[in-house]
Structure formats: C-alpha cells, structure tokens
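> Chain by chain, the residues:
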Amino acid sequence: MSDPVLPLGGAHYEGLADVRETGPQGMIALRGDLSDAGLQEAVTGLTGVPMPDMRGAQVMGESGLLWMSPDELLVLVPYRQAARARAQLAEALQGQHALVENVSDMRAMFRLRGTQVRDVLAKLAPVDFARDALPVGELRRTRFAQVAAGVWLSDDTTAQVFCFRSVAEYMFNLLRTAADPDAFVGFHTG
Amino acid sequence: MSTRLATGGRLVDRSSDIRFTFNGKSFRGHEGDTLASALLANDQMLVGRSFKYHRPRGVVASGAEEPNALVNLGRDTTHEPNQRATTTELFNGLQATSQNHWPSLDYDIGALNWLFGRFLTAGFYYKTFIHPRPFWKHIYEPFIRQSAGLGRAPDPETRDPDTYEHFYAFVDVVVIGGGVAGLQAAKAAADSGAKVLVMEQTAHWGGRAPVDGGTIDGMAPGGWVNKTVEALEGMENVALRTRSMGAGVYDHGYVLGYERLTDHAPFLKGPRHRLWRIRARQIVTATGAIERPLSFAGNDIPGVMLASAVRDYLVNYGVIAGQRTVVVTNNDDAYRTAIALKQAGLQVPAVIDARQMGGGALMEEAKSLGIRVETGRAIAKVKGGKRVTGVAICAMAGGGAMLEEIKCDAVAMSGGWSPVVHLWSHCGGKLTWDEDHAFFRPDPERAPTSHDGLPFVTVTGSANGEMDLKSVLEDADKAGKSSRKAAGGKPRRFAPPKGESVEEVPLRPVWLMPENAWDDLRMKAWLDYQNDVKVSDVQLAAREGYESVEHTKRYTTLGMATDQGKLSNINGLATLAASLGEEIPQVGTTTFRPPYTPISMGAIAGEARGEIFQPIRKTPIHAWHEKHGAAWEPVGHWRRPYCYPQQGESKHDAVHREVLATRNSLGLLDASTLGKIIVKGPDAGRFLDMLYTNMMSTLKPGRCRYGLMCTENGFLTDDGVVARIDEDTFLCHTTTGGADRIHAHMEEWLQTEWWDWKVYTANATEQFAQIAVVGPNARKLLEKLGGMDVGKDMLPFMAWADGTLAGFPVRVYRISFSGELSYEIAVPANLGRAFWDKIVEAGQEWNITPYGTEALHVMRAEKGFIMIGDETDGTVIPQDLGLHWAISKKKEDYLGKRAQTRSHMADPNRWQLVGLETVDGSVLPDGAYAVAAGKNANGQRNTQGRVTSTYHSPTLGKGIAMGLVHHGPDRMGEIIPFIKDDGETVVEAKIVSPVFFDPEGEKQNV
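Chains A and B, in that order, give the protein sequences. Read in order, the letters of the first sequence are residues 10 to 199 in our numbering. Read in order, the letters of the second sequence are residues 163 to 1168 in our numbering.
Calculated from the structure, these hints are not laboratory results. Glycine residues also receive a C-beta, built at the ideal position from the N, C-alpha and C atoms. Any given hint might turn out to be false.
20 Å max Cα-Cα, derived EDC-like pairs, lysine to aspartate or glutamate [unchecked claim]:
{"id": "1", "chain 1": "B", "residue 1": "K431", "chain 2": "A", "residue 2": "E23"}
{"id": "2", "chain 1": "B", "residue 1": "K920", "chain 2": "A", "residue 2": "E100"}
{"id": "3", "chain 1": "B", "residue 1": "K920", "chain 2": "A", "residue 2": "D80"}
{"id": "4", "chain 1": "B", "residue 1": "K431", "chain 2": "A", "residue 2": "E100"}
{"id": "5", "chain 1": "B", "residue 1": "K789", "chain 2": "B", "residue 2": "E773"}
{"id": "6", "chain 1": "B", "residue 1": "K920", "chain 2": "A", "residue 2": "E81"}
{"id": "7", "chain 1": "B", "residue 1": "K789", "chain 2": "A", "residue 2": "E178"}
{"id": "8", "chain 1": "B", "residue 1": "K1142", "chain 2": "B", "residue 2": "D1088"}
{"id": "9", "chain 1": "B", "residue 1": "K1097", "chain 2": "B", "residue 2": "D1144"}
Every beta carbon over 10 Å from chain B, so not counted as near; a handful from chain A, in silico [stated by the list, open to error]:
{"id": "10", "residue": "G19"}
{"id": "11", "residue": "M60"}
{"id": "12", "residue": "K132"}
{"id": "13", "residue": "R149"}
{"id": "14", "residue": "D165"}
{"id": "15", "residue": "Y179"}
Sequences are here, hints too, so could you generate the full structure?
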C-alpha cells in the first residue's frame, strides 16, 4: 500500500523556529478508568512508556501516552500498527467500560524546533510557556488563535503541536506567521 | 519664534540628519526627535485646527496627553489619522499632514465659525437642529456629518501592508511605567526573584526625573536610571520593554500592553505593533502625572504651552518654543522651567505667580538669577493670533483689568499636576480628593480587587500623588515589595534609594484666571483644546441644569475628543463644581476607560488577516473541488461546494444539471463534513433514547435509523442517521454545523446529569472522509469497484456494512437524503482523495456528476425532507413538521418531551409544515409570509404562514416550496396569498403534500 497521505504533504518552514509537519502518527483514542491497573498495564505494555501523570506526555519515538483528560488517553503507536494496536487494546479491556477508537487520520501534527520555540508558541496560545510553568513532557490542550490544539515540549527546544486535520493548513500558516524571523520577541530567554 | 538651540538636547543625536515633510514642506530634524520637537525646531508653531471653531492650534504638551498636535501620518496604504506628534518618533522620510482645515492650514475657511462662536455654545446643535423633527435625519445630520470628524479616514480600498501580532505573557508583577518609580518598584519586586515585566510607553527610561533634577543616592537622576536599568537587564527574571504602553487593566490581573515595534523605523521588517495579553498576579501602575493648563483667555494660542513641556523640549531636544517666555503658575514646579530657560541663556521677562505670597526655594532661586517674579498676578489674556505676541497682566483677584502688557513669544503655564490614575481606575480603583495638592489621588483603601477580594493593583510614585523625589522612591520601593508579597513571594530587605529635591511650598488651586474673569475672557479660556470647550460652556451647562459630570461631558463634549480629556477633565469638573457651588469631590470624575491612548485596529486583530483571518476547514477532498471550479458555500467554518459550474454555466444551470444527472444516472457528494460521534458503553442505548425523540435502543447492530434531537425546551436542534455498530456502540451522524455543538451537548448531559451512566463519546468526524454515491446506477458503480456485496439482500435500505471497495477499507451506509438509491461510504481521511478519484474514474461510463450543497437541498426538498436551519429556527418542534412518526410514544422520557406537552406546544393553532406550489409555477421568495385578513395590534398585516424552503425543481420543472401554515395539513388544495419583498405583490400558492417526488419511496428502496 502507498504511504499514508499527510494533510499538507509534510510542509516545512524555517524562521524563528523550524516548523515541520510530521506524521503519519498512529493514534488511538482511549476513554476509560485511567486508575484501573488492567488498563494501565495494557497501555504501558503496548507503548513501552510509563503511565503519564495528570497532563503528562510520555513519548518515545512513535509510541507514547498523552493524558488528555481525567478519563482519556491518546495512545500513540506507529501508524501502520494502529489498527492492530486498537484491536489489542479493545481485547485487553474487554469486560470493562472503555472506548477504544483508531483516530490516526483525524489530526495533523507539527514539530517546532529552535531556541525561540516558547516565544513562537506564546504568540498563538493563551498559555504560560515558561520553563517552570510548562515543563518538558507536560501536555497542554488549548487553542492556537482560533482553533483547538494540543502542545507539549519533548525537549527544551522542541515542541509538538497537534490539531484537527481540517485546519492543518490554517495551523501551518499560523505557525509560519508566528515564526517570522523578523518577529523576534525575546521574552522566554536563555 | 521656536527654534533649536546650538547646544543641548539629551535625547537627540546632533550629528544625524533626518528629513521629513509636513504638509508637503521639507524639514530636517535629528535622530531622537519626536515629530513635535522637530516641528518646533523648524519654527512650525501651527500644527492643526480645532474641531469646532477651526482655531489655530500649536503643540501644547510633550507626551501622550497632547490634545492639539494630531496629524495624518503616511500616505496611501500607510495613511493613518490622529497620530500624536508628541509621541511620534522622527524617522527619515516621515510624511505628515495637518488635520481639520480647508483649504489650507494657514488659511482656513472654517475659522469663520469662530466669528459666530458666541452662538456656537454648548448644546448648540441640540437646541438648533431639533425642529422641525424630520429635518434632522434628512438635512441637518448629513450636513453636520460632512464637517465633522478629525483627520481623514483611510481609503476603504487600501489594505494595510503591515503585520501585527499578539503575545501572551504571564508574570508575577507587571510594572506599567518606566520612570524612576516604575524602575524602583520593579527592582524591589525582582530582587527576591519575582518574574517582572516593565513596560514604558516612550523609547526612554526614567520618565521626567532626568529633566526635573534632584539627586538619587547622590547621583543625577539620569545616572541612577542607567545604573538601575543595567541592573534590571542583568536579571533573568526581568523583562524590559520600551515603546510599550500599558493600555488597559482588566479583571483578575489581566493587562493589555501595546508595543510599537516599527513606528519609529518603518524600514524595519517584522510586525508593526504587538498586543501583549498579560496575566499578572500583581500590577504596579507607575504612570506619573500630567500637568494641568491654566484657564485664562487666549490659552489656546500657539506658543502657550505647559511649563513642563517647555522644559522637556529644552532639556531633551534643545528646542525652545520662544525666545522670550513668560511663565505663569500657581505652584513652585513651574519655576524649574523659568530657571532652566534662564540658565540656557534665554529671556524670561516674568514669572506670573497667582499666589499672593509666591513660592518657596525655587522662587528664590529664580529671583537670584534675576528673573522678575510677580505674585498675586494673573494673565488677563494672551495677545496674538497664530502665535503669541504678548500677555496682558492683571491682578489675580478681580475681573481682568490690565495692569501691564509684557511682550513675549511663548507662555509656559502650570496649573499644578494631576496623577495619571487611569489604569488604577480601569478596574474599579477609587479616588480621593487631595485638598493640599488639589488633585484626585488613588485611595489605597479602595483598590481594584481580584477573585479573592484582595487588591491586585498597586499605584506608586507621582501616579499615587507623591510629588517629590524622596517620597516617590520610598513609595515605589514599598509598592515593589508589597506587590512581591501579594504575588506570593518574600521581598528582600534592601533600603530604598535616597532621593533629594528642593522642597516646595503648596500651590493655590486656580480654576479660572483671573478669579472673577469677565464674560468675554471666560469665553476665550479653553478647557478642551481639541473639542473647543471653554469655561463659559461648562458654566452655561451648569446654568441649564446639568449637574452630573457625565451629563455635562456629553452636553459640552468636554473630554470626548481623541485625547479623552487628559488635560481638560480636572479643570472642567472643577469649573463645573464652582458653577454648581459644590465641592470638587462631590462632583467627581468621569469614568476612566481603556485604552489609555488609542491603539491600532491592526494590533487588536493581531495575526488574523489574509489567509489566517479565519480558519477554513477543508475536507480531504477539498483540493479536488477547488481544481474543478467549485462555487463555495460556507457551512460553519467549512467551505463546501455549492455547485460545480462548468465553463460558461451559471450556478442555477449547474444545480439543474447536477440534480438531473443524479436523478437519472449517478451523482457524487463529498459528505465528509457531517458529524460522526461515537457513543459507547453499557448505557449507550439508554442515553440515546434520552437524546433522540425516537427509540434508538431497539436498533439492531448493522442497521441505521433516522433520529431527531431536541433541546430540553422541546425545540428541534439537530437530526441525522444513527448506526448501531455493536451491542454497546453507536455512531451518530449530526449535521455539518452540529458536530461540535452536539458532541458538547452529549458531554454536558453525561457530565452534569447522568454522570453515573456508563457512556463514553468520541467525536470522530475528521477521522473519515465520507462520500455519497447517489442515483439509479449507484449500485452498479459499487459493484464495479468490487470487494463486498452491496446487493439488496446483503445491504438493504437503512443498513450498513464494513468491507473493501476497490481495495479501500470502507464502511458503507445505505442511507438516502435524496430519495435515490444511495450509499454513503466512509474511508479513513488519508485515503479520501484517492477513493474519490477512483470513484470519479470508475463512474465515467454513467456520466458520474459531482454535486454540491444546493443540488443536495433541492433533492431533499423534492422528497419533503426537512433541513435543520431551514425548517427549524429554534422555535420549531418536531410536531410542527409532521414528524410524529419519529417521536416515540412508548418512551417514558426524552429531552424535550415534557416541554412538548405544555399548552403552547400542544396548541393546534401552531403553524404546520406543508408543501407549497405556486399557481403560476414560479419560485416563491424565501422567507415570504402568507397574509391573512386584518391587522394586528401594531398595525401590521396578519399572517397565516411562511416559506421555510423554496427551490426550482429541475425534476418537476416548476417551483416547489415548504412552509409552515396555520392549520396547514387540514387545508390541502387551498390557495393562499404570499407577499413578495416589496410588501405588495401577491404570489398565490396551493397547499400540497411536502413530498413532491416519489412519495412511495420506490427509488431509494430498489
């Protein structure tokens, strides 16, 4: 089968930050009792990452667990394994009340890289992006200008942003505008 | 004449040469100049005309409070009116023009208004133009509109070439104002690690202190400022921004900051303005004070300036307003101006001091420099037209009998200072009247409070009414430390810096000069320069019964100009108080509202312009529609094809073609925008039974059912097809616009009312592309694609199945919104485009025709299917639409059931859905009303129905419509009159069944 089609075909822009459309990323929406040991075992076993704390983003390569709400995880798996992973999870959670849905095509993902990443993000989202307020590995569900989005920093100079597929182009243009090399702010320094 | 001195000017770089134009005339200035200082340096005293009388106007102030020197800046696409020359930094190539004059600044015909000034008093317009009534709308207003307005609006066809952005900042303490008070407060707060942001509206730190003198810790203020800024710059927890104004303070520590990045250097790339959206635990406003003018006759003649401004221009820019400057004052501070001028080698013929006993140490210093000081004296009037030529001196007590005339070409006036309390007041900070200083100062007992009832704004320095360097710095230190504490930290115990300045003796409040000025003098004593409000106008308003300061403001327009009365408010309300025989605090102030000075519309819009003005949602197939010439229709934030006009084809013709092609052979629709919400759990059936009016829990896996959703008030809110996936999983289709709303609706009920029900939902709308294949040849096409059995037995009407088609993983729903044999096929979004292309290719032999939303609407109307938003408008219940069959009688409850039993809902007089056919075959106007005999209580014609949907049906070759009609279903065959937009023309229509086409459903059921 041919490669999955990305919403923007892997768009790229280099400015205050290096902005790149990433993916495809396998994603499984999981709603259930996150405190349940069986559920925890199933998702950690599947992804190989530890269970995230509240608002946590535990990600290793293409696998990971994003804490979306008190009863929702977004399970990240390699794109090609998503259907199988969904079935495995559903199987493992049989008998308990849970919703497991393959949503790998529902979103667009972007990676922002560079020392100015926090300033670029702070132009679009009403979020405190200071190191102590949004540390590496903490997910924030918020809005970027006029659309819903999620963001976490995977290291000190790299941000991962996701939004719904239909607004991928809007999001990329937003990020590109905010990363205009002539629009330096210098608020989140060092 | 005004000019630049050979030396001096701490802010200008004399080695630089900057060229600019004013009204087309070329001038030169220096780097560091403001437009105002550069104009004065070139002896351009006259900078504009006033609003009402078109009086000549000169620069009066040196900062944000300037009411006169407002200019048009730039040209064509960068043209911007009402720009303040005093806060506009000079740059090479700057182009400015003056405002409110015709034909030229020097010779202005509007100035004739002044000849009639005696009649153009407060309330003139109200009194004159009220009769006869109809004249206002048709004659007076259009005429007055023409002559009203300061500046020229940009050409509506031009587009701003600049970019703008927002920035969200979160800090412990934001300090507004970078004078010595702001800097010290920032330092005191930041010393123990608080995250501090300091915003200064000008390009320079230190505020007035470097001009006004004194010492701080033994240093000149300028030296201390440099040292402190350097220290703050070295702290990681401090951010310093110049050219950034604190524009407004809002609830819960929200502050808007307005940063002007390239106004001073338009050749720089990048955003022009940045709007800072700041959330701070604590706010310190260190916004300084503004000097007040004195109200004497002729105080508006160019060359009459604030004493502090005269000093600013001299010290900061080496520019003087005149060679011979008379200083007039009621306080000690203005002596600083006299002393500075004298020390610069200029003539100060006299200081006119309204106080009988004169001033203190500063007066003595002036005297020792040989300056003549006249105490207990006043200016009776200023002589001159377009510039000052002299002043008539009189006794302060009395009506204005001239004692002496003094020749001069500039007047420096000071009526005392008013703290800038705007930001303190924006969010509810209260003021108290300070008798000794004759000003309103913030009342620390009544600060703006936050969610916890505790103050979140601290005001400090001159803004807090502290007028000498020593107390300013002590107050600022205290403010910094207390805000640090209030923000949850522990301040360090450093001692505040020690300020020293000359001691001053109290001022004498002067609201009119001389005390009992004669009528003709009061008529020329300006309060509001921009709007031409004089002492006599406010007194007249008081005589006419305007007691409230807010009413007087609106009646006289005092303080309503673009400067929002920064100079005029206190003088105006003191004048009002005197006229009413009340105390000033009893009269009070008008309301201070953000922004402090106007901010650009661009900054407010931020990044939202051009392609990112609004998000446009695009389906995976969007690019194909674009390429094939779709005419778009916005649906929510989506763009959906309305139709696909071919070369030379009108939209109407395209819709016609699309409908017929679909009905006769094969059509194709991108239905990806429809909402797809997954509802799962042991209680999912029970939950959907509550949400929909009909029974969903009895639906068998593999089958679909159409359902209606109502609000708890009984009104129809959404509809769609529900598919049961397995025992405890449903997929609910919603309308395009309803996806997010209905998902939120579901979550709200689950989270607030039925929190113990075991149901989860997920909005999977965007996971799938969904394509409707519609028409008599639909099955043949799917069979050609191959991979699964789509036959009548395996996949009957209202069933669904998973499988593959042409190798694509699909879920096929056999549902129909057109009355045709129809399949809606969902594929993962990333395959949407490829699958669409495959269908288009395979469908060629049946002339497959993509159709848009209009063809969809026409076909559903032919079948009498309702459309949310057409047949419903928030006041319609399912029973109105004849949808009783979709309302379960067996269910104990569902959302809306109780409401639908209420008397008005069950009333047989509610209008009911019917089909409508015009007698002449024409198309009824959308929304048209059917009239009935007689008139209602408002004298309007009675009505008996209205059109909800109306189309030309290509299938039937005539106009068809649906509408709600009084007792409609009982009146089949009756002809009723509808009225066209003109309110007269009657269109007759017959009441028929709403199902116009294939009433037996034979076509969809094959």
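> All hints, please: hold or fail.
Hints, one by one, checked against the model:
1. B:K431 with A:E23: Holds, because 17 Å separates the two Cα atoms, which is no more than 20 Å.
2. B:K920 with A:E100: 19 Å, holds
3. B:K920 with A:D80: 12 Å, holds
4. B:K431 with A:E100: 57 Å, violated
5. B:K789 with B:E773: Holds, at roughly 18 Å.
6. B:K920 with A:E81: Since the Cα atoms of K920 (chain B) and E81 (chain A) sit roughly 14 Å apart, the hinted pair holds (cutoff 20 Å).
7. B:K789 with A:E178: 17 Å, holds
8. B:K1142 with B:D1088: 9 Å, holds
9. B:K1097 with B:D1144: At roughly 18 Å apart (the allowed maximum being 20 Å), D1144 (chain B) and K1097 (chain B) satisfy the hint.
10. G19: At roughly 13 Å from the nearest Cβ of chain B, G19 (chain A) sits farther out than 10 Å, so the non-interface label holds.
11. M60: 19 Å, holds
12. K132: Its Cβ does come within 10 Å of chain B, the nearest being 5 Å, so this is violated.
13. R149: 12 Å, holds
14. D165: 15 Å, holds
15. Y179: Violated: least Cβ distance 4 Å, not greater than 10 Å.
Checked against the numbered hints given earlier, this structure breaks hints 4, 12 and 15; the rest are met.
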